[in-house]
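Visitor: Construct all of the structure, not just a fragment, from the sequences and the given hints.
Chains as they are written, first to last, in numbering that gives the first Met the number 0: chain A, 0 to 154; chain B, 0 to 219.
Simulated pairs of lysine-lysine, DSSO-like, Cα-Cα distance not exceeding 30 Å:
hint, chain 1, residue 1, chain 2, residue 2
1, A, Lys52, A, Lys145
2, A, Lys35, B, Lys128
3, B, Lys212, B, Lys198
4, A, Lys92, B, Lys168
5, B, Lys193, A, Lys92
6, B, Lys140, A, Lys90
7, A, Lys35, B, Lys198
8, A, Lys90, A, Lys52
Calculated directly from the structure, the hints in this document are not laboratory data.
Letter by letter, the chains look like this.
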Amino acid sequence: MEELLRGGGNAAGFELIDTTGMNISHCVGCNCCWLKTPGVCAIQDDYEPILRKMNRADQVWLISDTRFGFVSWQTKNIVDRIMPLVTMYLKVKDGQMRHVMRYDHQPDIGIIYTGDGDQAYLERWCQRTALNLGSRSLGVFSERDKKEAVVCMLS
Amino acid sequence: MHVVIINGSPRVQKYSNTEKIIAAFGKGLSEKGSTFETYAISNRKTWDIIRAAYIKNDEILIALPLYVECVPGLLLEFLETLPPKDERTRISFLLQSGFAEGCQLRCGEAFLEKLPEYLGVRYGGCLVKGDNFGIRIVDEKTQAQLTKPYQAMGRLFAEGEGFFREEAKKFTGPEYFPLPARLLIGLIHRTLGKKMFQKVAASWGCNTPLDEKVWETSNV
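Guide: Have a look at this one:
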């Protein structure tokens, strides 16, 4: 991926975060980031700096291995813990209840996966996840089609 | 029927809404002469015991909260530790969420529909129900009222047809709220809802606005 993005004089600035070996807990559903310390996760580990970067980015691409046709549990943990970006407040948007976002800027989300991912399901999940963030899905690409993903990043 | 019920919530059992739902559901099972044993994955130290119960039994029910449109990360991790079994085992699911409308849970349900095939086992259906966020923040009496409907679903499940019966499908409630309800809910959440949540937060010791842009105001 890095080679593809750096090559060809691409204008997009990017930062690759390798979470391998990082200490990133799962979300424990304590609701502290909504009701006790709004916007701040109760778990002190390697995650917050990543979330701050995700919050500022225009695009977040999850590069994930797959299991059960879905993203790995490590990737799901990273997504489950975006809750500090969301507030406890609710609203109705496009006919459904949604949380009110904490910040004005929301990143779009895309997925690049390795292994035997369920393409249709991953697309559905990515769209729904983006809906929760008030942003849009950038699409889901198998690692084999990563060049297409780069086109998507730059368009 | 003997059912192994696994609470797939990462939240500690004491505060788990799913745990309270399971308690009501279990009452219903008992009323129909079924027995059950319950486990919770929130405590990793018990994973070996839960796995052993999964291997030994053929009627499994996983009850779980919806986390970002699908299964919580911790439950995904636990599921990866399960050995393959065959079709003599049936897994059913009870998927619950904070959001109230049925449409909010369908993406999660779609994952659960396919999951048994990956594990080699049979699918027993998925009971889908939202509007459970409040369980945690109300008193015990109200908790009992909120979870009581699950007791009827326990009785239904004890009849052996998983969650495929019409009663289980109807249990979800409205897929979308009708427009007048949406307008009213929208209005409530712009006004009273905010005050109510701020009040809950105050009881948790929080006096800052719940929509504080904390990373912008702290200049870091």
